[in-house]
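Asks: Each chain, letter by letter, is given below.
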Amino acid sequence: MAKEIETVCVTTGPAEVGDYVALNIGPIHPAMHGTLRVITRTDGETIISAEPEIGYLHRGVEKLGENLTYRQFLPLTDRLNYCSAICNNVAYELAVEKALGIEVPEKAQLLRIIMMELARIADHQVLVGILGVDLGALTPFFYLIIQREEIYEIFEWHHGARLTNSMGTIGGVEAELPDRFHEKWPKMRDSIRKANDETDRLLTHNRIWMDRTIGVNAFCADDALNWGFTGPMLRACGVKRDLRKDEPYLMYDKFDFEVPTGKHGDVFDRYMIRMLEMEESIKIIDQAYAMYQDMPDDAPLMKKVPKIIKPPEGQIYHAIESPNGELGFFIKSDGTDKPYRIKIRPPCYMVYQAFGELVQGEMISDLIACLSSINVIAGELDR
Amino acid sequence: MSLMDRIKDCLGTDLIEISEFRGDVCVEIPKNRVIEAMTSLKEKGGFDFLSDVFGVDNIDLYAAKAKKAKKKKKGEEEEEEPKKQGPPPPRFEVIYLLLSLKTNERLQVRVRVPEDSMDVPSVTGIWKAATWPEREAFDMYGFKFKGHPNLRRLLMWDEFKDHPLRKDYPLEGKGEERHLNYDTV
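Chains as they are written, first to last, in the working numbering: chain A, 1 to 383; chain B, 1 to 185.
Treat the hints loosely; a few may be bogus.
[What the hints assert, rightly or not] Taking lysine to aspartate or glutamate and the DMTMM-like style, the derived pairs with C-alpha atoms no more than 25 Å apart in a straight line are: (1) A:Lys310 x B:Asp168; (2) A:Lys63 x B:Asp14; (3) B:Lys65 x B:Glu20; (4) B:Lys44 x A:Asp246; (5) B:Lys128 x A:Glu247; (6) B:Lys102 x A:Asp223; (7) A:Lys254 x B:Asp24; (8) A:Lys310 x B:Glu176; (9) A:Lys184 x A:Asp200; (10) B:Lys42 x A:Asp200; (11) B:Lys65 x A:Glu66.
Since the hints were derived computationally from the structure, they do not count as laboratory data. Treat the numbers as computed from the prediction; the structure is a model and nothing was measured.
From just these sequences and the hints, can you work out the full model?
Replies: So this is what it looks like as structure tokens:
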């Protein structure tokens, strides 16, 4: 060991990482989303290396899950990705239903799809809005956040909560679409489209926006797959992969929608994919809503599930396409009313581990842009 | 060729056990052959994407099973001598979730790890995606992934002593407090 230190002292060759200025960003910093910390080494404004440190919001959700029953764990899943809590709920419900070997009635599936796609729109709107704020464009944020509030209103009508939804239950959904939804949706669809259109006109061809996003943090498809990227981050790199198409769950195989892909994997492509996906989500909701209306009024919403859920011994993994990418639940059951082991596979966790590679050689202001475009949610990152 | 046959073909003698539950195929491979088996699965089997890596602590499962077996024997009042049991099964297991992007098939690969030798070969050389999951598995269970570039705690702080997801660690913790030691370097 002493020998090594000696050689380092004697070396007068190229600069080592340790020779550069260390700059600590976060964990409490207005531009860091949630409690994230990045330790960077910088040469002027250029980042030589960046190392994210996580765990500031670690609550031990998986340990708690081992000590709660299957139904009691459901509200905890809200606290993972709190921007689209419904997707977490449905992902968990589907995993338990797979362990039990049941399939929920079609009407409940349609309800879940409508709510999940609304949550996806809300999540993407937050991302695009915040990305704009972080890059100095405050206006689109207000257009989008107003629409998000409208979506949250529908959630409130349906299950009484805005952010921590805890929608549905294992075996189905409790309530039908609220009556007010039928009037609200046609109007809301137009206003969401209008807000997206205004955002698009403000940002997409804006000279400043293009300079700040095009070519920033470009990433190639092979690296992205090697690092375990999923969702919009992977599609921005040009890989056409969407679990809704590739491993259809619920009734997604019956809908007609496109999977937008990018080319360069830069911040602009990630932004553009989210903008296009919102339009696809609206298309899905329209189709699902039409199918929902064709259903008879007395069609069941719940499958008969025993009060105390005891899946047979075994282990399963089920993943869905959440707004951020592949959100999976691994459940190992020992035949009792509590899961023996529960593992959550959060989508942004896999992306954020490549953060050092993503921002290397970029400017510090691009680090903030990169962080916003990944959509790192501390709640699902640290669990 | 079905998925099971292809996996059998791909792993050859490395395959210890293969099972299926609700359509999820799970294979078990020996600990010292992880790198070879994973490379073969990636290149020959087409499982080119690593979804996740994590650990499981089976100590309570074995205890519950032993209790059940005992109860059963008491109920039946069999007077046969209990069979001599071999060494207890390894306490921990590491599970790798693989995915084939071409065929959309998923595979769980299980590696059993005894408590007295927690070394597991790291798969970070095959998939970079294993970097943080392996750090987390080390943090939560104490697996020592050989060949990992940076095996430090991920979610708990560096001075933390225990491995919180082990079944013998209490849910409410042991009263640890974090004292921040500011780096003066």
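Asks: Hint compliance check: list the failing hint numbers for this structure, sorted ascending.
Replies: Numbers 2, 8 and 10 - these are the hints that the structure violates, sorted from lowest upward.
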